[in-house]
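Engineer: Next come the chains, spelled out residue by residue.
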Amino acid sequence: EDQVTQSPEALRLQEGESSSLNCSYTVSGLRGLFWYRQDPGKGPEFLFTLYSAGEEKEKERLKATLTKKESFLHITAPKPEDSATYLCAVQAYGGTSYGKLTFGQGTILTVHP
Amino acid sequence: DGGITQSPKYLFRKEGQNVTLSCEQNLNHDAMYWYRQDPGQGLRLIYYSQIVNDFQKGDIAEGYSVSREKKESFPLTVTSAQKNPTAFYLCASSMDRRVSNQPQHFGDGTRLSIL
Chain A
2 EDQVTQSPEA LRLQEGESSS LNCSYTVSGL RGLFWYRQDP GKGPEFLFTL YSAGEEKEKE
62 RLKATLTKKE SFLHITAPKP EDSATYLCAV QAYGGTSYGK LTFGQGTILT VHP
Chain B
2 DGGITQSPKY LFRKEGQNVT LSCEQNLNHD AMYWYRQDPG QGLRLIYYSQ IVNDFQKGDI
62 AEGYSVSREK KESFPLTVTS AQKNPTAFYL CASSMDRRVS NQPQHFGDGT RLSIL
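So the protein sequences, as listed, match chains A and B.
The opening residue of the first sequence carries number 2 in my numbering; numbering runs sequentially from there.
The opening residue of the second sequence carries number 2 in my numbering; numbering runs sequentially from there.
Treat the hints as calculated values from the structure; they're not laboratory data.
The structure presented is a predicted model; accordingly, all values stated were derived computationally and were not measured.
Among these hints, one or two may not hold up.
Listing some non-contacts, in silico: residues in chain B with all C-beta distances to chain A over 10 Å [claimed, not checked]: (1) R14; (2) K15; (3) N19; (4) N27; (5) L28; (6) N29; (7) V53; (8) S68; (9) N85; (10) N102; (11) P104; (12) I115.
Straight line, CA to CA, 20 Å or less: simulated EDC-like cross-link-like pairs of lysine to aspartate or glutamate [claimed, not checked]: (13) K71/B to D97/B; (14) K58/B to D3/A; (15) K43/A to D109/B; (16) K15/B to E63/B; (17) K60/A to E2/A; (18) K10/B to E16/A; (19) K43/A to E25/B; (20) K69/A to E2/A; (21) K10/B to D97/B; (22) K10/B to E46/A; (23) K58/B to E2/A; (24) K43/A to D39/B; (25) K64/A to D3/A; (26) K69/A to E57/A; (27) K64/A to E46/A; (28) K69/A to D3/A; (29) K58/A to D83/A; (30) K10/B to E73/B.
Label-pair ranges, simulated between beta-carbon atoms [to be verified]: (31) K80/A to P40/B: 19 to 29 Å; (32) S21/A to E70/B: 40 to 50 Å; (33) D40/A to S74/B: 19 to 29 Å; (34) P41/A to T78/B: 18 to 28 Å.
Quick reminder that beta carbons are idealized off the backbone N, C-alpha and C, glycines included.
Chain A with its partners taken away, still in its complex shape (with noise of 0.2 Å):
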């Protein structure tokens, strides 16, 4: 069974204080890992795909790292704006592939002025 954990559940950064957010997944064979952005009371909002290990996608101050294991989502000089929960999916080859994406529970980022 594909599984996903993101940790920490919640981060609080002062603004320009640089982190990352962590995305461990386990899939038996990974299509894609997908990260979305989500305001309160909104629907996701697409930002990255990552197909192999080693591939790394770059958006303003976001920038998406993969391994066989792990995707990082690193946020470099965090302003308020960028406060918003960060969600990450896998999708799997499988014998259907429908294109069924299985979701972690999110990290909630919260960044001060």
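Knowing the structure of chain A, use the given hints to seat chain B on it.
Structural biologist: Okay, now just chain B, sitting in the frame of chain A:
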């Protein structure tokens, strides 16, 4: 603007009542999904549909039903058989899975509560 529209934003259900959540997309996506989100838990898949007139159960389909009569629409009915319906319901869509592992894009959800 292309996107996914969910309605209503808030919904209240009386005991024994069926309620239907609407999901419409204008992204020309083939696949559509329904997820349930509970506090402190990851999103869980209820139903999904890859093409019109076809849909499959996800991990927690009991007490729910769907239809896919049009490519753009994928309504979810929460039946009286669902004993714990209070949750945030999210609809998503993605391009044909056979093209590549495209990301799923989400609507802004419907929050369902019991009266």
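Engineer: For which of the previously enumerated hints does the structure constitute a violation, in increasing order of number?
Structural biologist: 10, 11, 17, 18, 21 and 25
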